Structures are given as C-alpha cells and as structure tokens.
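Visitor: Residues per chain are reported as follows:
Protein chains: 2
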Amino acid sequence: MKDKKIPTKIFLSESELPKYWYNMNAVMKDKHEPALNPKTLKPCTLEDFSEVFCEELAKQELNFTDEYIEIPEEVQDFYAMIRPSPLTRAYCLEKVLDTPAEIYYKFEGNNTSGSHKLNSAIAQAYYAKEQGLTSLTTETGAGQWGTALSMACAYYNMDLTVFMVKSSAEQKPFRKAVIETYGGKVIPSPSETTKVGRKILEQFPGTGGSLGCAVSEATEKALETPNCKYVLGSVMDHVVLHQSIIGLETKIALDKYNIEPDVLIACVGGGSNFGGFIAPFVKDVINGTAKYKIIGVEPKSCPSLTRGKYAYDFGDTGKMTPLLKMCTLGNGFMPAVSHSGGLRYHGMNPIVSKLYHDGYIDAVAVEQTRVFEAAVTFAKSEGILPAPESSHAIRVAIDEALKCKETGEKKKIVFCLTGTGYFDLAAYSAYNAKTMSDYVPTEEDLKKGFDSLPAVE
Amino acid sequence: MKDKKIPTKIFLSESELPKYWYNMNAVMKDKHEPALNPKTLKPCTLEDFSEVFCEELAKQELNFTDEYIEIPEEVQDFYAMIRPSPLTRAYCLEKVLDTPAEIYYKFEGNNTSGSHKLNSAIAQAYYAKEQGLTSLTTETGAGQWGTALSMACAYYNMDLTVFMVKSSAEQKPFRKAVIETYGGKVIPSPSETTKVGRKILEQFPGTGGSLGCAVSEATEKALETPNCKYVLGSVMDHVVLHQSIIGLETKIALDKYNIEPDVLIACVGGGSNFGGFIAPFVKDVINGTAKYKIIGVEPKSCPSLTRGKYAYDFGDTGKMTPLLKMCTLGNGFMPAVSHSGGLRYHGMNPIVSKLYHDGYIDAVAVEQTRVFEAAVTFAKSEGILPAPESSHAIRVAIDEALKCKETGEKKKIVFCLTGTGYFDLAAYSAYNAKTMSDYVPTEEDLKKGFDSLPAVE
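Chains as they are written, first to last, in the numbering used here: chain A, 217 to 673; chain B, 217 to 673.
Fair warning: there could be bad hints in the mix.
[As the list claims (entries may be wrong)] SDA-like, lysine to any residue: derived pairs with alpha carbons at most 20 angstroms apart:
# : chain 1 : residue 1 : chain 2 : residue 2
1 : B       : K311      : A       : Y372
2 : A       : K472      : B       : E232
3 : A       : K509      : A       : Y372
4 : B       : K221      : B       : E290
5 : B       : K221      : A       : E232
6 : A       : K221      : B       : K221
Derived by calculation from the structure, the hints in this document are not laboratory data. Computed from a predicted structure; not experimentally measured.
Pulled out of the complex, with its shape left as it was, chain A reads as follows (with noise of 0.2 angstroms):
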C-alpha cells in the first residue's frame, strides 16, 4: 500500500528552513485597491497604519514591491523551536477511502496555541518589543489566535488583553484558563468595558458576538492605553506574509520529492490561513503557468467569498478600522452561532478577495455537519484530531478524492490543516449527539449585512 519513495512526513532541516517570507502584493499583476483611511477616504499612509498598528507592521502592509521579506533572526529562532510542521503523506486516510488521489497535509497544530497562529503571533510581539511597547491588545474568535499570541507575548514578557468572541468563550472555558496560564487577560465580547461594546450590546442584546465586534473592542481598549498597540491575527496583508512560512515550507518540501500538486485546499475566514498557504504558488496561477488549481474552503454560515460583494467595508462592526476594499458580507452581518468559531468573520483579506475576484482562485461552502464528518473521518486514521476550522479543508480534500475513486484519477491534493481540535470537544460532542444543525444565511440575511456597507466605491 504504502508508497516506499516518499516518507510518511517530509520534514525540512534546520538549514532548508526559510529565511524570508513571501509576499504576494509584490507579485500582483493588478495590485489590489489600497486601504482608504475612513475620515479622508483617502489611501491609508504610514502614519494612518501606525497609529494603531507597530510601525514595522505597518511598513509591510504598505509594501507592494518586495517579493522576499527578511524574517528577524530572532524570529527564525523561534520558528526553529516551533517549527517545521510536517508535510504528511495522508497513507492511512487515502488507504480508508480507497483513493488512488494522493493526499498531503501541511501539519500546523503541533504547538500551544494548537494552530498556525504562533507564525505571525512571535513576529507581531516581536516587532512591538523592538518598538518599545508594553503591552498589546487583540481579538480572538476560537482562541486560537488569543492562545497564540499569550504565548508570545509570555516569551516577550508583554502584558496582553484579549477580547474574545463571547460565543466562543462560552464553548471553550478551558481556552480562558490557557490563556491566563500565559499570562493574558480575556474578556469575552461584546463587554462593558469599551464603549463600542456597550453599543453593540443594546443594539443586539444577549449576542454572542463576532469577530468584528471583538476587533473593535480591541481597537478602543489599544488607543486608550498608553505604550499599546493593537494586532490581529488575519485580515490583513502583513499577517498573510507571516504565514506564508507555510506556503513556503510547504513548496520546499513537495519540491523535495518532487510531488507537482493537482489541488491546493485550505480553510478561510479572514485569510490569514489560507493565505500564507497559497502565496509561493500564486505567482504561477497568475502567469497561466500552474498546473494546480487553488481552493478556498468557507462554512455556508458565513460564506464570504461564495456569496459576499466584493467592496468597501470596515473590518470591524464599529466601523473604527481602515476601509479595505474585499469580499465581505458586511460589516453588519452577525454569523449565526457556529462551531467554527474561527471563521466567523464578514470580510476577507484583500489579496485573496482580489484573488478570488479575478478568478484565479475558487471557493467552496461547506455544512458543518459535512465537516465534523470528515473530521471525524479523519481523526480516526491519520491520529490527530482537527480544529473545526481545519476540517473544512479536510472536507473538499475528502470530496476530492472521492472524486478521484470515481474517475480513477491520481490526483495530488495537498491541503493545510490549520490547527487541533482538543478545545472544541463540545464541539465533537455535539456532533456525536446528533445535535449539531446546519444553519444557512437566507438571502435576507445577507441584505441587511450588505445594507450596512459603506457608500465608498
């Protein structure tokens, strides 16, 4: 059965490592629109980006020549304690569903934080602490990205308040306790404590909250507080280039045995993700010569790319952040409930919404009864148990290769499994209960998300 050429886990050396990020604005054929400063809406300046973000971070968002960015020494180092993830060969699953497709995962859930997050958490407080900041605030929806940057923040020795998506807070109270271990604070959102909070607690009372209502939080809390800065965990261009460590690594190593991919899949809620994924392999799709074609997966809940408007809109429900110009659903669209907490958000990041605009790019909804199913699929052969957020990858990746069974095709499907499921147990309870429901936006919904766009064209 198994395929004695290429090990089971491709692991990269120390010194196949990579020393730069990769990033794609500097190879857009047609840049994505800027970012418009919401008071002027004029383009967002350096000064604009730096009063709420590190300058360093701000530099990155606005760079749209250098292909390679350098990653601090210091940072490297710390990827070589987290990293590499290993590039798995899926034997066991490929053998459960009697595929001759080939499939590969790009393992990123080996550390505390149990996702990718860590890659673009230890830059971000990396760059504060150079900066000279003291502390740092930010959002999370499952945790995963709170968790993260808790643990950089812990090594940087920074103190952190993170805004938790309330939905997600309740579902997960061991998340809070991981997060305290390292020394965050966690307030669920919305709160009391900003006054962006307050508002969107009268306007929708008892709602468990969204990312965008979080990001808001966060943003008040860090223009409060001197000697703060707030950082995000995706949505923009400058987390997109932390992560794309893993497109990276993840083309070295394919490169390594050879293995040219059919099908690149991976989950997407701001794109942080899906992103870092993708970017080494998008210079090719945009030149026509890539043999790959490129999936992002999205939950039918909050289908962003499938059913959004490609526009203006705030990154944020308080409508505090810069204007970005993406697929979104509007910065008034509240997801339903989901167990997926971390791709409840209404927008996307710019670059892959002009990716996906241009059609270089296809996108997939997903039920997440369908999902939890392959998870479970999963779990049971290869030994790890994913992040719900992951298993909508697993779920087209598995949908894939069916198709392939079909067809009797050998497809190559790569895809990034993005973190561990070990504090979404409710969640897998639920679905081992039967009592988990797929909830999909009516088109009604979606006009009073879309009636809360901006008039910006």
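Model the placement of chain B on the given structure of chain A, informed by the hints.
Guide: Positioned in the frame of chain A, the structure of chain B alone reads:
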C-alpha cells in the same frame, strides 16, 4: 546564544527510525523475579498470561532472552505517521534559566492522545486484531492511555470499553468526548457495572478511584466478554518494551550529534515512559561504563519508589492480577486526588523496580505546586503546555540546570516530555488561582497500604 552546531529540533528521517524494540530483560545481569500466578503462587506461564492478555503480548512478557524484538511492519507504518518525535534543544528555557547546562527533551505529545501512550496502544491493538479479537477493555488514569487506545481501536475497527479513574473523569470532561469521538465507551471507575467496582464502592464510598481499582474492573469485564481481552498502558514489561521506541530514537538522535548526556530524567508512575526512555541506556549503567545517571521523578503524593517496599504485590486493588515483584505502596494504598492522574498508581514496573532496588537508577519525589511552577516556566519559554505528569520531569531537569548555574557545570540534561496538558486546564486554573495544595502521605497512610501486601516472599 544559540549553538548553531546543534539544531533546535533533531528529527530522524524515516530510514533512521528503529525497526526493533529494545528488551531490557535480555540485558539485566540479575533478572527481576517472575510474576506469580496468585492462585498457585508459581511463576506465571504463557497460559496464565494468555487468559487475560493477547498471546503475543504474553510471549513478550516472558521474553528474557532477545535484546531486540522486531516491530511489525504495520506498526512501523503507523509509527511513521505519528513519529519520529523531535528531540528538542531547549535553547529558550536555557536562556530563561540563565544556565550553562544544555537541556534536551524528547517530546512525545504530538498526537491526539497527547502522550507517548499511543506507542504501545497501536502495538497492542495490532496484536489483538491479528489474534482475531473484536473488543478490548482497559483502564485510564489521566485519560491519555484511554485516548490512545481508543485511537488505536478506531484504526483497527475494534470495540473498546475504558474504565476511567473517577476523579480524572470529573476533572476532565472533554477526555470523555475525545474517547467517544474515537468510538470508545467510557465508564467512570469505580462503577456499579462490575462486581469488584461495587465492592470497592461499598468499602470506600465516595472515593475518587485509582488506577488499581480501574484495572480490576477492566480485567473483570474482559474475562466476562467473549472474544475480548484486557490491555493496559503501563506497569507490564511488554508495555515498557513498546515504549523503548522513545529511548531508541533519543539515542540515535544524541549519537547523530555526538551529544553525550550527563543526566537522563523521566517521570514515573507505572513506569512505561520512564522504562521506555531509559531502555537502550541501561546496559551501560549495568556494565558500569555509563557516564550518565538516570533519575525517575514521582509525585510526593504517591511515592512508590522513594517510600515504597520492594515486594510481591497485586497490580490491582481487587487482587485479580498476577503478583509482581515491585516497588509498591501496597494495593490497598488509596492515593489522594492529585492533578497527575497518570502517576497515581501504587506499584511500579518490575524492571524499573529492580533497577532501582539494585541501585542502578535514582528517584526523586516532588510536590505538585513545584511541578506546576516548572510547567509554567517551561510553557512560557518553550511554547508547549506540558501535561502535569510530564512536568515532574521538567521540575527535576530545571533543578539540575539551576545546580549547574551555581557550579558552572555544562551538564547535558536530557528528559522525556511525555505529553501535553490540553486536557489539564482545570489543574492549571487551580494553580493560577493558588488553590492547589500539596498532599504528602503520613507514615500511618503508608502503613495502611503496606498492610494490604500479600504474604508472599
């Protein structure tokens, strides 16, 4: 700071992975005394062991001659999926401690069972399947073994009933969910479902249970179920045999970079990770050619090595198992509830016991608050939230490194990090909230346990 000659993580390639387990019983100058059939008080025969265990495992239990025992190819393939585990140089921890010592850890937690337990679980499930069995029973303390075996049974499509120590089941609600996701059935122990369970409940109403009780219940259940055997995750020599994969990989990795260890450290409960970790290192210790010392770390609340007797005892509270010559607190010793459920066992693997009794290895007992202090220091510097059990080894590794700081010695400290603490957040919360206490059994507590020892020389 970083010694560039030694990478942060040493991974072995698939071709370097061991194809044989290491059998310490073959190289012991003085073998440990044989297990006795409790009815005849004669050495257990293959038939005796085969009543309860799979036949191949019974053979391994009685193998005192073969230094190397081949790992079945299917198990090797599975190992290739979950292994190799990295041997990591703890550069960041060294920096935080400001020690001249070099610290290395073999990290076994990168699979969903969260620990080394899967190394033996998959082997045991494989042999059970080969023998044509359709179901298995087992006990679990912290839940790591139960999770591992549920994964192995899912892989081989076998039914599984897990008797989980009640206090652990209550501390860790999500352990149940993950075992159930893998298709296992969880029963908190002691339970009303077995004769021995009902008897224990009568004798100790409201008890949190113990591994010894759970072993009794699982054994009874297996004997009553057709086509079913009992398997266990520690204590027996065949389990230590499977866990030798840890030590073998460690040794290959150390040799690859010419790292000569000064101290080898592992936590010790039933002895499986400890025995497996030290397996390929003991020959030199026995022959007097080793430059290193070996330290087992146990909880002060359950000190079977440091305060136990070396005597024949039952492996379970219900007095159903063969009699093993071991370091024991007595099968009637009821350990206090602690946050290291995996180390709450009255006895100890016979090989480990013999090595300790003969003075080849050292043992240290530590308080749980000091263990969690070490765990948090480690988590913040190395990015891995360790299991409380594993953190016993961290505590002593840190203590050794701090001694080096005083003396200026550049000792090479190597320890086994058996697993992650994702299911132990209630324990971390208690530590964070400073509500954790340190129980140490009184002489009277110990006497009660010793009084339960059978009168067998």
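Visitor: Could you run down the list of hints and mark each one as holding or not?
Guide: Hint-by-hint comparison with the structure:
1. B:K311 to A:Y372: With Cα atoms ~12 angstroms apart, K311 of chain B and Y372 of chain A stay inside 20 angstroms; holds.
2. A:K472 to B:E232: 18 angstroms, holds
3. A:K509 to A:Y372: Not satisfied, since the Cα-Cα distance of roughly 40 angstroms exceeds 20 angstroms.
4. B:K221 to B:E290: 36 angstroms, violated
5. B:K221 to A:E232: 15 angstroms, holds
6. A:K221 to B:K221: Since the Cα atoms of K221 of chain A and K221 of chain B sit roughly 29 angstroms apart, the hinted pair is violated (cutoff 20 angstroms).
Hint check: violations occur at hints 3, 4 and 6; the rest are consistent with the structure.
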